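Trainee: Given next are the chains, with one letter for each unit.
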Amino acid sequence: MAAVSLRDVHKSYTPELKVIHGVSMEIEDGEFIVILGPSGCGKSTLLRMVAGLETISAGEIAIGERVVNDLEPKDRDIAMVFQNYALYPHMSVYDNMAYGLRIRGLSREEISVRVKKAADILELGDFLKRKPRALSGGQRQRVAMGRAIVREPQVFLFDEPLSNLDAKLRVQMRGELQALHRRLGTTSLFVTHDQVEAMTLAQRMIVINAGRAEQIGAPLEVYAKPATTFVAGFLGSPPMNLIPREGKLLGIRPEHLEPCAASDALLTIDVDLIEPLGADTVVYGHVGDSESVRVAARLPAHALTREGKLALRYDAANVHWYDPQSGRRIDT
Amino acid sequence: MEKRVVFRSAWLPYLLVAPQLAITVVFFFWPAAQAVWYSFQLQDAFGLKTQFVGLQNFAHLFRDHNYLESFKVTAMFSALVAFFGIAISLLLATMADRVLRGAMAYKTLLIWPYAVAPAIAGVLWAFLFAPSIGIVTYVLKGWGVDWNWIINGDQAMLLVVIASVWKEISYNFLFFLAGLQSIPKSLIEAAAIDGAGPARRFWTIAFPLLSPTTFFLLVVNIVYAFFDTFGVIDATTQGGPGQATNILVYKVYHDGVKAADLGGSSAQSVILMFIVIALTVVQFRFIERKVQY
Chain H
33 MAAVSLRDVH
43 KSYTPELKVI
53 HGVSMEIEDG
63 EFIVILGPSG
73 CGKSTLLRMV
83 AGLETISAGE
93 IAIGERVVND
103 LEPKDRDIAM
113 VFQNYALYPH
123 MSVYDNMAYG
133 LRIRGLSREE
143 ISVRVKKAAD
153 ILELGDFLKR
163 KPRALSGGQR
173 QRVAMGRAIV
183 REPQVFLFDE
193 PLSNLDAKLR
203 VQMRGELQAL
213 HRRLGTTSLF
223 VTHDQVEAMT
233 LAQRMIVINA
243 GRAEQIGAPL
253 EVYAKPATTF
263 VAGFLGSPPM
273 NLIPREGKLL
283 GIRPEHLEPC
293 AASDALLTID
303 VDLIEPLGAD
313 TVVYGHVGDS
323 ESVRVAARLP
333 AHALTREGKL
343 ALRYDAANVH
353 WYDPQSGRRI
363 DT
Chain F
984 MEKRVVFRSA
994 WLPYLLVAPQ
1004 LAITVVFFFW
1014 PAAQAVWYSF
1024 QLQDAFGLKT
1034 QFVGLQNFAH
1044 LFRDHNYLES
1054 FKVTAMFSAL
1064 VAFFGIAISL
1074 LLATMADRVL
1084 RGAMAYKTLL
1094 IWPYAVAPAI
1104 AGVLWAFLFA
1114 PSIGIVTYVL
1124 KGWGVDWNWI
1134 INGDQAMLLV
1144 VIASVWKEIS
1154 YNFLFFLAGL
1164 QSIPKSLIEA
1174 AAIDGAGPAR
1184 RFWTIAFPLL
1194 SPTTFFLLVV
1204 NIVYAFFDTF
1214 GVIDATTQGG
1224 PGQATNILVY
1234 KVYHDGVKAA
1244 DLGGSSAQSV
1254 ILMFIVIALT
1264 VVQFRFIERK
1274 VQY
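For the record, the sequence lines run as chains H and F. Each residue of the first sequence is one higher than the one before, counting from 33 in this note's numbering. Each residue of the second sequence is one higher than the one before, counting from 984 in this note's numbering.
Where hints are given, some of them may not hold.
[To be verified] Below, a list of computed lysine-lysine pairs in the DSSO-like style, where the Cα atoms sit at most 30 Å apart: (1) H:163 - H:200; (2) F:1168 - H:161; (3) H:148 - F:1090; (4) H:200 - F:1090; (5) H:200 - H:149; (6) H:148 - H:106; (7) H:106 - H:163; (8) H:50 - H:200; (9) F:1168 - H:163; (10) H:50 - F:1032; (11) H:161 - H:149; (12) H:148 - H:163; (13) F:1168 - H:106; (14) F:1090 - F:1032.
Since the hints were made in silico from the structure, they are not lab data. Because the structure is a prediction, the values reported are computed rather than measured.
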């Protein structure tokens, strides 16, 4: 196991086409880091640079003590789980897991021990002789993880490994991933565009937008204090409301709004959409005359059943302020 | 879901397939049937008398030293053509797959030889390797190689193999390139992370995944070497020197047209026909099962 350092990492394909604009982060030994961002933000590129599948245009990446910029993937002592699993279709589950070990010249017995152990952890014992095509999506996913585990690498890299699974299986695999990390304690980098995965899995997360790190921190800390309007608008479902006030942007999360008497209203919206979700109801509307400023509020299940004016209040403690130009958080 | 067109009238479907059936019957079944019929007969050299002789033509063939020799030559020839045709095109496709800049031009140029007629290809190579005026001959002489395929059987074989392989590489290249491009990139990346170098990645991942393509091409190339190389041979060695490049299909032509042994030539065609049928059966039966992963 090892720490990973990203030091002002840049990636450009051509002088005009830059995809990563200087990302720095110190990842501690054994930490589970989630790289979160919308599609096309460069998060996968960042991970592939750590893996050695993409060159590093500028800056440094170090795994443990070694700077790995010029090392081949095989010399970096990492293992990667791909979005499409990338299982070798012509090999059995056993051979898929044993492939990397054979290349590294381990003895037949050692390989057998390691594969059996990984198969036990992942409950793949009954499938070792099968080919990948004879497995379900969840089982293939587990084989892909098994292939990473048997190598006992210093770092695990996950490139959206859960996005090809159905919703139910995804929840289950999320749990298994957490259990696995507790058990092995290997430094892990996990790329996803799914904020639920990020919130539940991460010890710390790094939110990427357009090749820049918007914020680095523990999930709840990032949720509680988004550093930029991008992070505020990306995390949360629905995300934080951003309302222009006094030349600044007032940020307030939908769950921090509550209905009140018209005389106490800090905010009055024209409700035009009601989404009852069972446990609670999300109402959407616009503020005053301006159609462009939309607000969402998460209210108790039966708080509102009709459209029209709705008076809302909030606690001053839950308010965030942002600079409309830079999008940065203003701490008062 | 199965989509099936249902015709209300009984004769329309037959009418629609009739042109194809007519072509097949007139140009394939009829000549084939005639070949079978002639193979049971013996004609005199001037085509005045014809006599039914049963299987005598076949019996005669298998006692004919020249015919058995031609079998050996054909086996050698098709093995060489298929092996080098596949090996070289696989190498080229693997390299083309890694080319990033100007990939289209590179691929287009590699496909061109396929458009050249076999006879022209043969003439082209025959000129390059001509014992008296060939440029390659000149270079070889400079290296001290005595090159004269007109009197040296092995060199004649080498010449027709080169010409035939050159012609077939383009076709194989296209299939291999398509095959390589259909292998997900992440598989190769996964192997790289697992520690495999480029050669190992190729032999343990790409090559096994290409096996259906390779097997298909193997059959196609053998059929090509058996039949389509007629033009190459006719334009260069004409089966010589001696019997050194007299492959089965050329011998059919030679015995039938030049030596006027219609019965014997027909018997040879019938044997060739069975070889093709066997190859086709092998292809259809095994391509789906054996080589799939």
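Trainee: Please go over all the hints and tell whether each is borne out by the structure.
Mentor: Going through the hints against the structure:
no., hint, verdict
1, H:163 - H:200, "24 Å, holds"
2, F:1168 - H:161, "25 Å, holds"
3, H:148 - F:1090, "46 Å, violated"
4, H:200 - F:1090, "46 Å, violated"
5, H:200 - H:149, "26 Å, holds"
6, H:148 - H:106, "23 Å, holds"
7, H:106 - H:163, "25 Å, holds"
8, H:50 - H:200, "37 Å, violated"
9, F:1168 - H:163, "20 Å, holds"
10, H:50 - F:1032, "85 Å, violated"
11, H:161 - H:149, "15 Å, holds"
12, H:148 - H:163, "17 Å, holds"
13, F:1168 - H:106, "16 Å, holds"
14, F:1090 - F:1032, "56 Å, violated"
The structure does not agree with the numbered hints 3, 4, 8, 10 and 14 stated previously, though it agrees with the rest.
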